[in-house]
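Whole structure, please, built from the sequences with the hints as guidance.
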Amino acid sequence: MVHALREIRRVLAPNGILIDLRPVSDRWPIEVISAQEVHETGRVLDLPNPLADDEAANRAVIQASGNGWFLRDREEFFPYYYTWDTPSEMEEWIAEEWNDFIDMDEETKRATRSAWALGGAEAQVRVRVKMLITRWKAAQGL
Amino acid sequence: MTLQKDTERNETKYLHGFADFTGKRVLEIGCGEGRLTWQYAKSTQTTIGVDPDRDALRVAAVDRPSDQQNKVHFACANSQHLPSAKETFDIAILAWSL
Chain Y
785 MVHALREIRR VLAPNGILID LRPVSDRWPI EVISAQEVHE TGRVLDLPNP LADDEAANRA
845 VIQASGNGWF LRDREEFFPY YYTWDTPSEM EEWIAEEWND FIDMDEETKR ATRSAWALGG
905 AEAQVRVRVK MLITRWKAAQ GL
Chain U
2 MTLQKDTERN ETKYLHGFAD FTGKRVLEIG CGEGRLTWQY AKSTQTTIGV DPDRDALRVA
62 AVDRPSDQQN KVHFACANSQ HLPSAKETFD IAILAWSL
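Heads up: the sequence lines are chains Y and U, in that order. Okay, so the first sequence: first residue is 785 according to the working numbering, each after it adds one. Okay, so the second sequence: first residue is 2 according to the working numbering, each after it adds one.
It is possible that part of the hints are untrue.
In silico SDA-like links for lysine to any residue, alpha-carbon gap of 25 Å or less [stated by the list, open to error]:
| # | chain 1 | residue 1 | chain 2 | residue 2 |
| --- | --- | --- | --- | --- |
| 1 | U | 87 | Y | 786 |
| 2 | Y | 914 | U | 16 |
| 3 | Y | 921 | U | 17 |
Just so you know, these hints were derived from the structure itself, not from any lab.
Structure (structure tokens):
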């Protein structure tokens, strides 16, 4: 990761900026949304791999900053929603696509199905992914 | 399966809040199928998207709008060996890839 940041610094013009946009592990909430409300039914379980990835990414940017390659300029978190029409579709997606980094316990699955069933015909389910966006300014004279 | 991503378009809002892409030379690392690319590339001078996944890049190339054929290009590469000369870009985006 540090090598990648050095390579990015190489191809950036003086006064160039780097935007780092990535999800961060934080036991993302599961929500049922209906016409009436947004109801949190539980949270996903973070598996070890993504936590290790987050730590490695954080170490890399700290090292890049410490090396004087970039200066942190601005940083914010924001929500990024993955939305499905039914709980079963969400469970299927998590089992097939996200099985390396998150899981759901049975209690959360049951709570989500119940809330969705009570939410009316237009109810949907979603995972609120925590996103981090950081703007770095390329330092001069690498 | 009816998955919708970023239904509130927060990613696009924040991306544009953090950078002005107008007339800029942009490098996107981890562009994949170009999902994020199409949210900003139209106003750039040039955009180069790189990704190690050739299949994803083929999708991105097919999806490229006709008015961006000459300004948006894709290359198969990883972030440790970028196929560009020194000081080529005004903005680099690490898209879900650090």
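25 Å Cα cutoff - pair residue 914 of chain Y, residue 16 of chain U: holds (15 Å)
Hinted pair residue 87 of chain U and residue 786 of chain Y, Cα distance within 25 Å: holds (18 Å)
Holds or violated: residue 921 of chain Y to residue 17 of chain U, with C-alpha atoms at most 25 Å apart: holds (16 Å)
Every hint, counting from the list given before, is met by this structure.
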